[in-house]
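Enquirer: Residues per chain are reported as follows:
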Amino acid sequence: MGSGASITGEPPRQPAPEAGAWRKHALAAGFLAPAAVFLAIWIVYPTIRTIVRSFFDRDGDEFVWFDNYQRLFTDDVLLTAVKNNAIWVAVVPAMVTAIGLVFAVLTERVGWAVAFKTAVFMPMAISAFAAGITWRIVYIQEPERGALNAAIRSVKGVVSPAGVLSDAAPSTDALEGTPRGGLRLAEPVRPGDVALLGLTRIPQGEVPGDAEEARRPEAASGGITGVVWRDFRPGGGTPGEVESQELGLPGVTVELRDPGGSTIATAQTEADGTFVFEELDDATYNVAIGAETFAQPFNGVAWLGQKLVTPAIIAAYIWIWAGFSMVVIGAGLSAIPRDVLEAARTDGGTEWQVFRRVTVPLLAPVLTVVFITMLINVLKVFDIVLAIAPGSVQADASVLALAMWRSAFSGVNDFGVGSAIAVFIFVLVIPILLLNIRRFRREA
Amino acid sequence: MATAQPAALERPVTRRDPLAARILRAVGKAPVHLVLVFVGILWLVPTLGLLLTSLLAPEDFQDRGWWQLFSEPARLTFENYDAVLTNETITSSLWTTAVIAVGGTIIPIFVAALAGYAFAWLDFPGRDWLFILVIALLVVPLQMALIPMFEFYNSLGDIPLLGSLAGFDTVGSLILFHTAFGLPFAIFLLRNFFIGIPKDILESARIDGASEMRIFLRLILPLGLPAIASLAIFQFLWTWNDLLVALTFGRETQPITVAIFSQLRAFGANIELIAPATFVSLAIPLVVFFAFQRYFVQGLLAGSVK
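Those sequence lines, one after another, are chains A and B. What the first sequence shows, in the working numbering, is residues 1 to 444, in sequence order. What the second sequence shows, in the working numbering, is residues 1 to 306, in sequence order.
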């Protein structure tokens, strides 16, 4: 770098060159000093101190070699965090990169791509913590309030609707079986008979509102009539008999089966519980109430229960980061020269071949950047776990950064183990750091 | 279908008939549009759910989902927002967060700009190695600093002035922590931007006798504005959205994330407070994001590591 003095053509000023260099260095030091102070006190010193601290016990009095690190792989709570974080590492970077690639490719040739990109990118601006709370509302278990379970319930309502009753028991021995497998009249019936299907122990409030007093139907020639009713009235009543004040059970599907057990006809009960099968051949039949009448209503998947909590949090995390991946990969995509792709197409490549053999290899550096960035992020994931996992399953959903924080600050105050976990995270990140430096040196 | 048929019958014509070809292409793309519409809506639903949940009347929380507001819009109410915005804990938390975010944005950017200028345009021994050290620090997880700084901030508590400015559980301690951890990325980004400023401009300023400080303030900062803007947005969002640092050093200072966090224990019972408070806390980042989207994306592409 030429010094100003010689260019101006004036004779060199009096201070010797060494002094000039010294002044230049002092000037540079002045510009660097504030940053140096911050980096030294807040990053370099604590890094060294944490490494040293990780070899001491919880109070820092005794040197314990690798005990704290050993705890990381023997203590159940900490081991869960290690395992969970391994799941995160295995799933998230690959998924985020793949989803981002798909979105970037799909939006490339769509006119309203900006609207889509904005929608997908928006979660990036929100804090992981707020995003976590947002998803915690999505994951509420009761289908009345949790959007995800409500959606599942409405799909299920079409595929396998909830039964009229969730539970019941036969009122007499005339009916056999269980609600789960269906109830069947023990005695076969013939046309002209009246079938009485009495049920008790129906959960409170489950008798349909339009139910009327049960009525014992007339026998019909050439047909089978019957009634499904709640064989119970205030005060008890006689089991097996249709009495006043006992309610019919409307909407129950009654099945008529041949002796072989296959259903040949079905009928719905009326408001007073009666049903009828007409124009039957003279033979013996079985009358039964199928299991679907007692199908359990959908009570919601426990997304935030022990088993599903980690996948649930991971899904929310992917929701946040897909936009980042899409935008970075999209930028890479638009940098691919058009004529390369055109050439591949005119050479007869199908869209898929062009994508697989030309686009993806050309995008490899960008995909790597996204993948590595997500790898670093996932090793430090914290806020979203704390926001989504309810206190009772926090230990089951734990990850390294959360375990570190809980060990050191959340009442346990074990600075030894906390430091060890921090160092563990750091060590996992170092290979990525080396990669970054190499990338920089190549660019510089 | 009617248009597609003749096109299919007379194959050679298809290529020359732009209308038929266009329709065919549009029909072929329909699945892509459908998928994108579906995914786009899927991506918006959670945030919409939070917003509408925050607009449910307190007595409706226990048995109603937010989507029922679509069929009964009359039940929508701003009651919860009234309650949250008059709740002194929440409003003072929002102010605290604002102060931390502004301080935690301006200070690191100024400090980083000074260093970035030195790395880009001043000559000193070991310059490249020092810069590599800065990049190395980029990857130090902030978990490495939590425990030592917890002890350090606590030890400052006994010192009269310093303790109340930057001791444990002060706004200052949070700003300084965010400053330090924002620096490596900021220096990296600004140095790379400054180095692209044409050398002639600097040289002529130096010949005119301008001091380095003057060049920095009058030339470099204005020219570096695009980079500084994207950096500012990142740093602002980062400090505004932070939970980990705030939870460790600012339990009593209580930025908004900590205030909401302390309500989480009884999530079901406090949802009428949690939902609107969360929405307010993310409204500001959203406004910043939409206002400066371009800079945000530029910053993202400039160096996607943090």
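None of these hints come from the bench; they were simulated from the model. There's no promise every hint is true.
As the list claims (entries may be wrong) - Stretch by stretch, here's where chain A covers chain B in the computed footprint (C-beta under 8 Å, at least three residues):
id: 1; region: 18 to 27
id: 2; region: 64 to 76
id: 3; region: 84 to 97
id: 4; region: 100 to 106
id: 5; region: 161 to 175
id: 6; region: 223 to 231
Claimed, not checked - Okay, the calculated bits of chain A under chain B, using three or more residues with CB under 8 Å as the criterion:
id: 7; region: 48 to 59
id: 8; region: 98 to 108
id: 9; region: 146 to 154
id: 10; region: 181 to 191
id: 11; region: 270 to 284
id: 12; region: 301 to 310
id: 13; region: 337 to 347
In this text, a Cβ means the ideal position worked out from N, Cα and C, and glycines have one as well.
Enquirer: Could you run down the list of hints and mark each one as holding or not?
Expert: So, going through the hints one by one against the coordinates:
By the rule of at least three residues with a Cβ nearer than 8 Å to a Cβ of chain A, the coverage given for the region 18 to 27 of chain B is violated, with 0 such residues. Counting residues of the region 64 to 76 of chain B whose CB lies closer than 8 Å to any CB of chain A gives 4, which reaches the minimum of 3, so the coverage claim holds. Under the rule that three or more residues need a Cβ within less than 8 Å of chain A, the assignment of the region 84 to 97 of chain B is violated, with 0 such residues. Under a criterion of three residues with beta carbons nearer than 8 Å to beta carbons of chain A, the stated coverage of the region 100 to 106 of chain B fails, only 0 such residues being counted.
For a cut-off of 8 Å, the count of residues in the region 161 to 175 of chain B with a CB near a CB of chain A stands at 0, and the three-residue condition is violated. Evaluation of the coverage hint for the region 223 to 231 of chain B: breached, as 0 residues show C-beta separations to chain A shorter than 8 Å, against a requirement of three. Counting residues of the region 48 to 59 of chain A whose CB lies closer than 8 Å to any CB of chain B gives 3, which reaches the minimum of 3, so the coverage claim holds. Using a Cβ-Cβ cut-off of 8 Å, 3 residues of the region 98 to 108 of chain A lie near chain B, which meets the minimum of three, so the contact claim holds.
A stretch counts as covered by a chain when three or more of its residues have a beta carbon under 8 Å from one of that chain; for the region 146 to 154 of chain A and chain B the count is 3, and the coverage holds. Interface restraint, the region 181 to 191 of chain A with chain B: violated (0 residues with C-beta to C-beta distance below 8 Å; minimum three). Restraint check on the region 270 to 284 of chain A versus chain B: 0 residues with Cβ-Cβ distances below 8 Å, three needed, restraint violated. A count of 0 residues in the region 301 to 310 of chain A with a Cβ less than 8 Å from any Cβ of chain B is obtained; the coverage claim is therefore unmet, three being the minimum.
With a cut-off of 8 Å between beta carbons, the region 337 to 347 of chain A has 0 residues touching chain B; three or more are needed, and the interface restraint is violated.
Of the numbered hints stated above, those contradicted by the structure are hints 1, 3, 4, 5, 6, 10, 11, 12 and 13, listed in ascending order.
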